[in-house]
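Undergrad: Next come the chains, spelled out residue by residue.
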Amino acid sequence: QSVLTQPPSVSGTPGQRVTISCTGSSSNIGAGYDVHWYKQLPGTDPTLLIYDNHNRPSGVPDRFSGSKSGTSASLAITGLQAEDEADYYCHSHDSRLRGVFGGGTKLTVL
Amino acid sequence: QLQLQESGPGLVKPSETLPLTCNVSGGSINSISYYWSWIRQPPGKGLEWIGSISYSGSTDYNPSLRSRVTISVDTSKNHFSLKLSSVTAADTAVYYCARHITAIGAFDIWGQGTMVTVSS
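Note that the protein sequences, when read in sequence, are chains Y and U.
One point on numbering: in our numbering, the residue at position 97 of the first sequence is 97, and numbering is uninterrupted.
Start counting at 1 in the second sequence, then tack on 110, and there's your number in our numbering.
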């Protein structure tokens, strides 16, 4: 059971907008700690997609956006493309457990 | 361009100690701006942070693993290491090393990962 809760899977068709939620608690996201998002293609290492809730590293398309409110955060992907099919993980800090990840969400592009 | 590369045994026997090293190339490990971290991923499962170390040797461990984990740094060799003791099958995973940016808290550079199986 992960400290941060993500839906196991989401899906969408090309061109659609999908969102992935990440729900925490008052000891992590709700305590004001920032949320980061990673994309992991099968058999590869994760890559940083969003940092500090809504910032994109250079090279990440603006189709990817992040937000945070209360004890939750969200990753939104617009203009869905086949190459977006991957696992996505949220990550934050917890005052007791230190570094914590969500359980991951598998995005399927139909 | 900074790169990280994990190395170590692919097979470890139960109750023994798992040793891994992460070699940092293309840049120096000597920086106040980063922590150097270990993260693992059991087959078909999610990511779990193991612990982090600064260039000066300050450490931070996952409370659930703290009693079995030791992370060390060797600045002369530009690498850092993980030792996980008393391993069981539950420790079977892909182990990643990663750079943690202190100012923002995210892992921005990852190694390719190394699969470690715990089995007799």
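Calculated from the structure, these hints are not laboratory results.
Wrong hints could be hidden among the right ones.
Some, not all, of what chain Y presents toward chain U, calculated at C-beta under 10 Å [claimed, not checked]: (1) Ile50; (2) Arg63; (3) Phe64; (4) Ala76; (5) Gln81; (6) Glu83; (7) Tyr89.
Residues of chain U placed beyond 12 Å of chain Y at every Cβ, according to the derived structure [to be verified]: (8) Ser135; (9) Ser186; (10) Cys207; (11) Gly215; (12) Ser230.
Cβ coordinates follow ideal geometry from the N, Cα and C atoms, glycine included.
Undergrad: For which of the previously enumerated hints does the structure constitute a violation, in increasing order of number?
TA: Violated hints (numbers, rising): 2, 3, 4, 5, 6, 10 and 11; every other hint is consistent with the structure.
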